[in-house]
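The sequence shown begins at 42 in the numbering used here and counts up one residue at a time.
Calculated directly from the structure, the hints in this document are not laboratory data. Where is the CB? At the ideal position from N, CA and C, for every residue including glycine. Take the hints with a grain of salt, since some may be wrong.
What the hints assert, rightly or not - SDA-like, lysine to any residue: derived pairs with alpha carbons at most 25 Å apart:
(1) K307 x E417
(2) K297 x G254
(3) K642 x G696
Unchecked claim - Derived DEER-like restraints, expressed as beta-carbon distance ranges:
(4) H705 x Q85: 34 to 44 Å
(5) H705 x G373: 17 to 27 Å
(6) E246 x D194: 45 to 55 Å
(7) D708 x T252: 29 to 39 Å
(8) D534 x N624: 22 to 32 Å
(9) V709 x D395: 17 to 27 Å
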Amino acid sequence: MLLSVIGCKQTEAPDIPVILKDPVVIDSGTYGLGKEKRLDYSEQRQPCGIYNPLRNPYFGDTHVHSERSLDAGIQDTRTSPAQSYAFAKGETVGIQPWIDDETPSRSATISRPLDFAMVSDHAEFFGETVLCQTAEVDSEAYQSDKCTDFRADPRGDFVNWNLQYLGNIFESDSPLNRFDFCGENGKKCLDASESVWEEMIIAAEQAYDKTEGCDFTAFVGYEYTGAPLSFNLHRNVVFRNADVPGQPLSYMEYSKPENLWRGLDKYCNDETNCQSLTIPHNSNMSGDMMFRRDKLNTQRSDFSPDYVQLRNRYEPLMEIYQHKGGSECKRGGSNAADEFCGFEKFPFNNLIADRFGGFLTGPPGEQSFLRFALTEGMKQENIHGTNPFKYGVVGSTDTHLGTPGLVDEKNYLGHGGAGADNGDEVVQGLSDLISFSPGGLAVLWSEENSRDYLFNAMQRKESHATSGPRILVRMFAGWDNTDDFNEQHLCDDFDFNDTADGLRTGPFASEGDKLGVPMGGDLPAYPGSGTPLIAVAALRDRDSEQGLQRIQIVKNWVDQSGAHQEQVFDVAGGDNGASVDLNSCTPAQPNKAESFCTVWKDPSFNAEEDAAYYARVLENPSCRWAWQQCLGYLETTSFTDMRSACAKPSQIPSGYQECCLHDHVSDVYPGNTKIVQIGTYPATVQERAWTSPIWYNAQSTVE
Numbered sequence: 042m043l044l045s046v047i048g049c050k051q052t053e054a055p056d057i058p059v060i061l062k063d064p065v066v067i068d069s070g071t072y073g074l075g076k077e078k079r080l081d082y083s084e085q086r087q088p089c090g091i092y093n094p095l096r097n098p099y100f101g102d103t104h105v106h107s108e109r110s111l112d113a114g115i116q117d118t119r120t121s122p123a124q125s126y127a128f129a130k131g132e133t134v135g136i137q138p139w140i141d142d143e144t145p146s147r148s149a150t151i152s153r154p155l156d157f158a159m160v161s162d163h164a165e166f167f168g169e170t171v172l173c174q175t176a177e178v179d180s181e182a183y184q185s186d187k188c189t190d191f192r193a194d195p196r197g198d199f200v201n202w203n204l205q206y207l208g209n210i211f212e213s214d215s216p217l218n219r220f221d222f223c224g225e226n227g228k229k230c231l232d233a234s235e236s237v238w239e240e241m242i243i244a245a246e247q248a249y250d251k252t253e254g255c256d257f258t259a260f261v262g263y264e265y266t267g268a269p270l271s272f273n274l275h276r277n278v279v280f281r282n283a284d285v286p287g288q289p290l291s292y293m294e295y296s297k298p299e300n301l302w303r304g305l306d307k308y309c310n311d312e313t314n315c316q317s318l319t320i321p322h323n324s325n326m327s328g329d330m331m332f333r334r335d336k337l338n339t340q341r342s343d344f345s346p347d348y349v350q351l352r353n354r355y356e357p358l359m360e361i362y363q364h365k366g367g368s369e370c371k372r373g374g375s376n377a378a379d380e381f382c383g384f385e386k387f388p389f390n391n392l393i394a395d396r397f398g399g400f401l402t403g404p405p406g407e408q409s410f411l412r413f414a415l416t417e418g419m420k421q422e423n424i425h426g427t428n429p430f431k432y433g434v435v436g437s438t439d440t441h442l443g444t445p446g447l448v449d450e451k452n453y454l455g456h457g458g459a460g461a462d463n464g465d466e467v468v469q470g471l472s473d474l475i476s477f478s479p480g481g482l483a484v485l486w487s488e489e490n491s492r493d494y495l496f497n498a499m500q501r502k503e504s505h506a507t508s509g510p511r512i513l514v515r516m517f518a519g520w521d522n523t524d525d526f527n528e529q530h531l532c533d534d535f536d537f538n539d540t541a542d543g544l545r546t547g548p549f550a551s552e553g554d555k556l557g558v559p560m561g562g563d564l565p566a567y568p569g570s571g572t573p574l575i576a577v578a579a580l581r582d583r584d585s586e587q588g589l590q591r592i593q594i595v596k597n598w599v600d601q602s603g604a605h606q607e608q609v610f611d612v613a614g615g616d617n618g619a620s621v622d623l624n625s626c627t628p629a630q631p632n633k634a635e636s637f638c639t640v641w642k643d644p645s646f647n648a649e650e651d652a653a654y655y656a657r658v659l660e661n662p663s664c665r666w667a668w669q670q671c672l673g674y675l676e677t678t679s680f681t682d683m684r685s686a687c688a689k690p691s692q693i694p695s696g697y698q699e700c701c702l703h704d705h706v707s708d709v710y711p712g713n714t715k716i717v718q719i720g721t722y723p724a725t726v727q728e729r730a731w732t733s734p735i736w737y738n739a740q741s742t743v744e
């Protein structure tokens, strides 16, 4: 979404209502054996009946758009925030296009319910859409030319609503300008936004299981949709509980991320029993702005101590993968040797994508990805004492259908939004543009499934992301001379089972905690000798036919010259020769591993160099969603027939032309300019999981 519009001038962000409540602190008692007091809840709820001090994995999606997001609504998404949460818990929802006002032509049901979710609708234009669509709220605004044009052609007028204001926004802290019908300082639109925000809060409250069952957690939140010159600086704002500001703090009033964080400091603090964090996403489409201050702000090119501290405090996590591609690493450059950096690469560096024939976009730069951020963050810490990019990772969908967790490659319906628009009729052919994907999931390791505990897991970065499958992975790190740690027993009895006991309660979990720190943490101070010891274990998705292929440790470090360095190590499993029959998508898995567990020592450790380590788990190959749909349109579902069809484009049914962008057939597809513009796509993928990193700071040494 490209945001900011020309209209009424605002000179400063107006005050927003603050809902003051007496802080609620609920004693949650003690756990199981009574060894340690549990956290006090920040809200009224019953203590969870399931509590594991060694922590359980909980799957969720924190990037979900309902009908209340402008770009979803104009595509005729009719899933409300409440229905989105119901979908996450297993209920079926109707999906556009609509046969009549009440009958959907499609429906969707998640294969397995999620443990948590957050509807994160775009906060920008909440009030504008209310005023333009509801005459009773403000008849003058409703009858304005802008609103009249919007009602007549909402999709066509969407571009006008999202024209980027090309003024002095890089150097100014002033709010962006809202439409004239919003009134002075945008007050009418801000006031009207409160009804949408209230609906979102109520939906989350009603979906949240506050009983001892703790079956589902719904977070209150929204998306801050910052996009200067269409470069993606979006953040999802997550609140600990339902004590939140009276209006969402949007990009229109807080036109820089640091202004958002300062605004949250003002309106969400201890006095209001409010806590929040922000999760940036799609750094791959940020034009290098997500991690480069000089790219965003020409007057303040350097990171300031205030900025790095704010960012570190508010952003413990980033979204490493979703509908619009992966943000781990870019194939090529310093990642040339890592073949797995080519996974789900969205080919554009901003939100304009291939509109206007690609004239206003380009390929993503290497500095738009997590690996650059990890080393750049360590450099900034050496300058300012704080790492602004100390990111753990989550995955999510970015669905614009109100369908959190809908990540199945076999039954992919598209996600709308920037992808294919199925609002009026089901798009002929592929269900989405070939460069998009079903997205991923977030996994939080927490003692229980409640807001307070999951929020704490986010803050300490004890998380991993998956590209869709429910792969489980856990990582701990310490020193190879750690006392009270038994390496020999760490992987004892580590076998695959449906309850993931090996990762939750077995020796790996208990000995891992003794070793040192879990993923998301910092290695203890260097003891003066020894080597980092990393324990990592993974379990395949219990409902998937795909086995695991390998676990890798990715080491990122800053060498003594200050240069970015990285290396990938296979630490369990390896290239097992697994393949896929491209005629039938039947996998050939000579080694279908159900689990891995290992302990690895860094063979190249240098105590004088800062480093960050994370694990990447790869499944055996499987067919990508688009290849499955492309095979489906051919009567014989034959790979050979696909090549024959692509050699004669006039014979390809409407909507299936992008099938010929696949690697195995693109060589016979004549005259296709898209291959030059966006490249080709693999018929297969290796689904995966990524852990949050563990950091080593060379300046921390035991005295």
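Status of the hints after comparison with the structure:
For the proposed pair K307 and E417, the alpha carbon gap of about 29 Å is over 25 Å, so the pair is violated. For the proposed pair K297 and G254, the alpha carbon gap of about 41 Å is over 25 Å, so the pair is violated. Between K642 and G696 the CA atoms are separated by roughly 51 Å; this puts the pair beyond 25 Å, and the hint is violated. For H705 and Q85, the hinted distance range of 34 to 44 Å is not satisfied, since their beta carbons lie about 58 Å from each other.
Restraint check, H705 to G373: a C-beta distance of roughly 22 Å satisfies the suggested window 17 to 27 Å. In this structure, E246 and D194 break the distance hint of 45 to 55 Å, their C-beta atoms being roughly 36 Å apart. Between D708 and T252 the C-beta distance comes to about 59 Å, which lies outside the given range of 29 to 39 Å. Taking the beta carbon of each, D534 and N624 are about 41 Å apart, not inside 22 to 32 Å as hinted.
Between V709 and D395, the C-beta spacing of about 23 Å keeps the proposed range 17 to 27 Å intact.
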